[in-house]
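Protein chains: 2
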Amino acid sequence: MSASSQTSLSDYCKEAALRAKRASVELAQLPEVQKNAWLQESAAALRSRTSELLLANEKDVTAAPGYGLTPAEVDRLKLTTSRIEEIAVGMEAVAALPDPVGEVIESSVRPNGLQVLKTRVPLGVVFFIYESRPNVTADAAAICVKSGNAVILRGGKEAAHSSRAVVKILQKVGQKHGLPADAMHLVETLDRDAVSHFLALPEYIDVAIPRGGEGLIRRVVAEAKMPVIKHFTGNCHVYVDASADLAMAERIVVNSKCHRYGVCNACESLLVHAKVADKFLPLLGKALAAREVEIRGDEATRRLVPAAKAVTEADYAAEYLAPIISVKVVASLNEAIEHISRYGSRHTDAIVTSDVTAAQQFTAQVDSAAVLVNASTRFNDGFQLGLGAEIGISTDKFHARGPCGLKELTTYKYVVLGDGQVRE
Amino acid sequence: MSASSQTSLSDYCKEAALRAKRASVELAQLPEVQKNAWLQESAAALRSRTSELLLANEKDVTAAPGYGLTPAEVDRLKLTTSRIEEIAVGMEAVAALPDPVGEVIESSVRPNGLQVLKTRVPLGVVFFIYESRPNVTADAAAICVKSGNAVILRGGKEAAHSSRAVVKILQKVGQKHGLPADAMHLVETLDRDAVSHFLALPEYIDVAIPRGGEGLIRRVVAEAKMPVIKHFTGNCHVYVDASADLAMAERIVVNSKCHRYGVCNACESLLVHAKVADKFLPLLGKALAAREVEIRGDEATRRLVPAAKAVTEADYAAEYLAPIISVKVVASLNEAIEHISRYGSRHTDAIVTSDVTAAQQFTAQVDSAAVLVNASTRFNDGFQLGLGAEIGISTDKFHARGPCGLKELTTYKYVVLGDGQVRE
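Just so you know, the protein sequences line up as chains P and V, in that order. Here the numbering used here is used: the first residue of the first sequence is -18, the next is one more, and so on. Here the numbering used here is used: the first residue of the second sequence is -18, the next is one more, and so on.
Since the hints were derived computationally from the structure, they do not count as laboratory data. Even glycine gets a Cβ: it sits at the ideal position worked out from N, Cα and C. Check the hints yourself; a few may be wrong.
[Stated by the list, open to error] Incomplete in silico selection of chain V near chain P, CB under 7 angstroms:
id, residue
1, G83
2, E84
3, V85
4, I86
5, S89
6, G94
7, L95
8, V97
9, R101
10, R272
11, V274
12, F364
13, L366
14, Y393
15, V396
16, R404
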């Protein structure tokens, strides 16, 4: 790209970010009733304009092989009447969530009469960079706007027509319900450098949220001058304790591993206490074989499950997103916790146990966004935990951890009300 | 420095950070009673070993001119019996604060019986880089350890002997009360590169907190691979509205400006509504002249306060930390809010008004850590807001905003308790 077109790209990004910042000031004060009306009517509009959306999506699907998309990826890109219905239902679900803005998180009256209100406010402007799935465009716009934030949407180029059609509908409905014109901005240029330009504008953009492969996230972290909410890999563990109910353990491991393979909260690594390995692993081996899950185990595992392949260090750290699981027999709860601390990704880890002390030690010492006792790792999800729609699951500890929904897109300010107080 | 000594510096930093990380796992589970016993007995030990501290401090004070410290800076560096008493009282105050660790922030029972506990946990390891004041060493150690974090302390070289003496006492008492040996680590090398090495270790250090000049903070932000809690300038405004009680306004402006000049929550900029400028500014001019505060005003101000000098754009953005104030007459509340948005530092801003609508608009639209109605800017302080001891006042919006105390050094995890639940 020439120097002058780089200048114009830089100007375009700066202008879009400045407009988003201005819109965010209005959005921060938009009453919930208007935000909900926008969400509900947008859902209705997506339904009534299904044919228009399918037409736009067809252009993306036709172009997809040219972008080198695999058949599975093309399938995820594809819209159907029922998928549009799901998007609409998703927007209605966000409308039903309580508005976090304005909540008084804490308050006190000081001895001098000052009233101190720690009040929830939006972060401001969210820069969301995501893969080529058109439903994510609608989800992200809904979550950001409901939490009072403006959003700059940078979706995958493979879904450009579909995303444009979705945003056009949401913006048109927004106009009717008093949303600022720049509440949502879809980045139209396909230039990869646009992302870099936006990431250099911390004066306008309050947080960047990348969702996609590890390469994308690392690029965003390296370049961003503003905070980033990261969603790295999910190498989730199930640890079957010496005191575990083994039938329960089998159900939980099978569900955690096999409910869906391609998701971040699927189990990738299994740890089994040596005391129950003899009984448990042959049973589990059969259950996983029936589901065609490949086991990669240590020596002790391979003695008990002859079909298992040899595990490597890389396996212990892997997020397979596939019907493969690494298995290790451990001598103690401490060894299990150390293994998770060494190889885990601080996403989701579960213990199966009937020993309350073991449960307490595990939940206290495993440093992950979600630690579960006697439940499937698949429950670490905004809806499953009762938190509502999420824009991602953070593997950070700072600001937002775990499912990242409306509240995680807010901050707070101290509003202090006096009647003339000064400091002595 | 030679390549091999750089390697050994890098090794030293990595070793110190790794030890801190290990200590943080133990600290996260240390019962409050032990942490409080450590704080209280440390306070007693600081008192009983005053002569030892004074002796160490004398070495720093003697060396200070060699570091080019001004007399005012030497004064801040100096310990006295009463200053040691203040440090001890500060540690007792932290002991009296509630332990944030383990608090269940939110909880729910899901329809399937899963119990979801959003539980407060420490961040882990804090890397604190600060100016050469020995009292800050004790404050920071107290706040970090009480909130369950290990801390790496990098103080100014000018206070090296004093800080070492303080940490030695705190560590010795810590041993007695079960604190891990590496709960506090004082960086002993004077090599400036040590900071860079620590900032490159996000796998061990969870947050970096620089406190000092803007140059230091910018350097830390540029280099840090982990999150940084920033404390940039405080260009705090008082806006005197058309409906203000002018006697109250005078009290608040004088207190905000003159209570202490060198602090981040002092008023640096005054905005006065045109309707009351004629009456208010001559009165205020006298009050500030009596306190030898220099006024830098716009044309309208200078007509009313002839002694005022001409204001510049740079003045509007300045954090003087001195008896100087910039003054501007504005035509409306909106103009005041726009001025604050353009020149302010998002730290602390106050309105004086008797109009409830104006108060609401100001607190809603001014995007600062603290917004005050009819009260002095000097109240934006952890103790004054009832939040307790603070390690700084964050001008960030992400994670921690405003006074940064025990809670702001924590994060949370989802602890999920089931009895065999799997996802359908």
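Do the hints match the structure? See the list:
no. : hint : result
1   : G83  : 9 angstroms, violated
2   : E84  : 12 angstroms, violated
3   : V85  : 12 angstroms, violated
4   : I86  : 10 angstroms, violated
5   : S89  : 5 angstroms, holds
6   : G94  : 9 angstroms, violated
7   : L95  : 6 angstroms, holds
8   : V97  : 5 angstroms, holds
9   : R101 : 11 angstroms, violated
10  : R272 : 14 angstroms, violated
11  : V274 : 16 angstroms, violated
12  : F364 : 10 angstroms, violated
13  : L366 : 5 angstroms, holds
14  : Y393 : 6 angstroms, holds
15  : V396 : 5 angstroms, holds
16  : R404 : 4 angstroms, holds
Hint check: violations occur at hints 1, 2, 3, 4, 6, 9, 10, 11, 12; the rest are consistent with the structure.
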